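A.B. asks: Top to bottom, those sequences are chains D and B. Just so we're aligned: the first sequence equals residues 1 to 367 in the working numbering. Just so we're aligned: the second sequence equals residues 1 to 367 in the working numbering.
No distinction is drawn between identical chains; accordingly, a pair holds when it is met within one copy or between any pair of copies.
DSS-like, lysine-lysine: derived pairs with alpha carbons at most 25 Å apart:
#1 Lys-323 with Lys-269
#2 Lys-323 with Lys-103
#3 Lys-317 with Lys-254
#4 Lys-276 with Lys-8
#5 Lys-96 with Lys-269
Treat the hints as calculated values from the structure; they're not laboratory data. All figures in this text were calculated on a predicted structure; none of them were measured in a lab.
Protein chains: 2
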Amino acid sequence: MLKFTISKEELEKKIAVAADAVGSRTVDPILQCLLFSYEDNSLKIYSADMQTFVISKLNVSEIEGSGKFAVDAKLLEEIVKNLENEQVLFEYDTGKLNLKSGKSSFNLSTYSDADKFPQIDIEDSGIKFELETSILSEMIDRVLFCASTESTMRALNGVYWEVKGNYLRLVASDGYRLALTEQKVDIDTDIDFILSLKSMKELDNLIKQTDEPILTVKFDHKKMSVTAGDIAVIMRIVEEVFPDYRRVLPKAFKTRIVFNKNEFLEALKRTMIISKRGSEKVQLQIIEDILVLSSQSQEYGKVKEEISVEKEGEDLKINFNPKFLNEAVKKVEEDEVVFNFVDDLSPMQINSKDVNEYLYIVLPVRA
Amino acid sequence: MLKFTISKEELEKKIAVAADAVGSRTVDPILQCLLFSYEDNSLKIYSADMQTFVISKLNVSEIEGSGKFAVDAKLLEEIVKNLENEQVLFEYDTGKLNLKSGKSSFNLSTYSDADKFPQIDIEDSGIKFELETSILSEMIDRVLFCASTESTMRALNGVYWEVKGNYLRLVASDGYRLALTEQKVDIDTDIDFILSLKSMKELDNLIKQTDEPILTVKFDHKKMSVTAGDIAVIMRIVEEVFPDYRRVLPKAFKTRIVFNKNEFLEALKRTMIISKRGSEKVQLQIIEDILVLSSQSQEYGKVKEEISVEKEGEDLKINFNPKFLNEAVKKVEEDEVVFNFVDDLSPMQINSKDVNEYLYIVLPVRA
Numbered sequence: 001m002l003k004f005t006i007s008k009e010e011l012e013k014k015i016a017v018a019a020d021a022v023g024s025r026t027v028d029p030i031l032q033c034l035l036f037s038y039e040d041n042s043l044k045i046y047s048a049d050m051q052t053f054v055i056s057k058l059n060v061s062e063i064e065g066s067g068k069f070a071v072d073a074k075l076l077e078e079i080v081k082n083l084e085n086e087q088v089l090f091e092y093d094t095g096k097l098n099l100k101s102g103k104s105s106f107n108l109s110t111y112s113d114a115d116k117f118p119q120i121d122i123e124d125s126g127i128k129f130e131l132e133t134s135i136l137s138e139m140i141d142r143v144l145f146c147a148s149t150e151s152t153m154r155a156l157n158g159v160y161w162e163v164k165g166n167y168l169r170l171v172a173s174d175g176y177r178l179a180l181t182e183q184k185v186d187i188d189t190d191i192d193f194i195l196s197l198k199s200m201k202e203l204d205n206l207i208k209q210t211d212e213p214i215l216t217v218k219f220d221h222k223k224m225s226v227t228a229g230d231i232a233v234i235m236r237i238v239e240e241v242f243p244d245y246r247r248v249l250p251k252a253f254k255t256r257i258v259f260n261k262n263e264f265l266e267a268l269k270r271t272m273i274i275s276k277r278g279s280e281k282v283q284l285q286i287i288e289d290i291l292v293l294s295s296q297s298q299e300y301g302k303v304k305e306e307i308s309v310e311k312e313g314e315d316l317k318i319n320f321n322p323k324f325l326n327e328a329v330k331k332v333e334e335d336e337v338v339f340n341f342v343d344d345l346s347p348m349q350i351n352s353k354d355v356n357e358y359l360y361i362v363l364p365v366r367a
Numbered sequence: 001m002l003k004f005t006i007s008k009e010e011l012e013k014k015i016a017v018a019a020d021a022v023g024s025r026t027v028d029p030i031l032q033c034l035l036f037s038y039e040d041n042s043l044k045i046y047s048a049d050m051q052t053f054v055i056s057k058l059n060v061s062e063i064e065g066s067g068k069f070a071v072d073a074k075l076l077e078e079i080v081k082n083l084e085n086e087q088v089l090f091e092y093d094t095g096k097l098n099l100k101s102g103k104s105s106f107n108l109s110t111y112s113d114a115d116k117f118p119q120i121d122i123e124d125s126g127i128k129f130e131l132e133t134s135i136l137s138e139m140i141d142r143v144l145f146c147a148s149t150e151s152t153m154r155a156l157n158g159v160y161w162e163v164k165g166n167y168l169r170l171v172a173s174d175g176y177r178l179a180l181t182e183q184k185v186d187i188d189t190d191i192d193f194i195l196s197l198k199s200m201k202e203l204d205n206l207i208k209q210t211d212e213p214i215l216t217v218k219f220d221h222k223k224m225s226v227t228a229g230d231i232a233v234i235m236r237i238v239e240e241v242f243p244d245y246r247r248v249l250p251k252a253f254k255t256r257i258v259f260n261k262n263e264f265l266e267a268l269k270r271t272m273i274i275s276k277r278g279s280e281k282v283q284l285q286i287i288e289d290i291l292v293l294s295s296q297s298q299e300y301g302k303v304k305e306e307i308s309v310e311k312e313g314e315d316l317k318i319n320f321n322p323k324f325l326n327e328a329v330k331k332v333e334e335d336e337v338v339f340n341f342v343d344d345l346s347p348m349q350i351n352s353k354d355v356n357e358y359l360y361i362v363l364p365v366r367a
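Only chain D is shown next, with the shape it has when bound in the complex (with noise of 0.2 Å):
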């Protein structure tokens, strides 16, 4: 038997972070429930999805019994977020665990047997550090759109982290386009692994959701934790190399280009009506200080667009896929956008005009 008092917000709080973890299409049902376990005189909660676990420590009131049960995560989580009273009890025996909350009542079946929940833990011999959670939640937003979302790519499915001379960089690539961003951090050590693109998302979830400023990492080169206050994020680490991003950056610029941002993404806007309905390309023509965009369409027809730009060096002409460039140039914080190139059929570097902490690599395509 298990009972206690919790308000709503505690628990939807806790609920949004733990529910986003669970697996959706998992094979053991056990995955889409959330653990309730009473242990060492605090009462938590747990999500699990094998490659990503969710811990999160609850305040409650009124708390009597002992004991855990699993309920369905789904469920659950839309059950908190209508109840109209401010406070919810909740009583487990047997099985059975009834919710009530002002006129409301919920009896609810749980999972037959709560022990079979996955359990894991983090060495703490391992390496440990801080890191501010506005950097972190800058620096995943700023790569995470890049990663491969092909499950089968196990090594460009995720993220890939570098902690090397002082610097913390985070990569990600699909094979087609690499992002990268790096920020000066106070860590002493050189670690480098890949987490997986789901394990990322949760972290970014975890991130966008606490309030706490400062993250807690720990690292035992098989799992990386990060802790806010009273949720932590365990990830295992995926067992792949990451392909070395240093040979993908350009070295040598032939042309240059300097724009204002939302005037090309605008202009791209408006090419890439024509170029979904066609061959999913953008032709960028430079003449001068003039960088045209054209696509075409042979059923509807043809684009043509213009914007200023300042250069340096030759006049080009390179195809690319237009989506690439959108989502690469929206990334830019700032309001003037750098394209720089070596030809017309290399990689192109995207970055800011002022910012040196990130930049991004686009392959064209052919013509």
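Given the coordinates of chain D, work out where chain B should sit on it, guided by the hints.
C.D. replies: Just chain B now, kept in the frame of chain D:
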């Protein structure tokens, strides 16, 4: 050759109404086009789906030449919405449409034979009357959601219009529920007909977007047209007989309850968390001045909610599809809602406590 300049705002407004009448999966590709036609010194755009036709006059400046062209509606809508410049220049010549605005230039394909675009007209000798836009808008809102969405049920896949004894009545039903609304009008004739759901949605779309306070309606026993300023919708009536709605309206009630709308909707929302995972049924049980809502799911559990009601008549237990209760009660515009029950197997009537202009009938389901 046809050449004109038009403001982006004017074009966007007219296309927004016209493009919705375009069929998305029609057999004839010309029905996915907008027809631009310069005739009698006025430029008009036409859209059509064989049931519903929209004709709009365009205010243009600097028009030259003559003729007509048909261009893909969704493509043009998307282009116009994304243009940056306030003025758009159209130049049509021998199958090619050039569209220029600021530094944007589009060269669009047009439909090969614009003369194939279907034409429709309404007889000027028919019935003609006026309606206040706001009143018709409200009436459509009250009934449209109850119309059947199954196009094979031709009589129910639309809205029944009845003008009789100086009342305009709109009725919609999908066989499980019915919505009825009426308003006193100054129309001195008796007519009744069905308009298809597609036509009604297009009419609703016109009404929601116009600023005109008064609509002109024409009816020639085959078609109905509604004109708002310089936009007209012409709708073919559906040649079917609508079931006699008067036979469905309950006469004598055994139980009547009055309750607060939002309290009921909140309780129902929580009940639906379980019902949608189970039987898709909600049980209403009236005991004295309490209404108990309950539902169950074999897999997930049970829910029970209570709200206070004012009751007249006997206690009662009855089951409904919660979606139908939710949609009908949401449409009640006042705070107090009335449920009128004949018995546990007969249709139940939902209405506002104070306003008599509309009501809903919902069939119960078996326990």
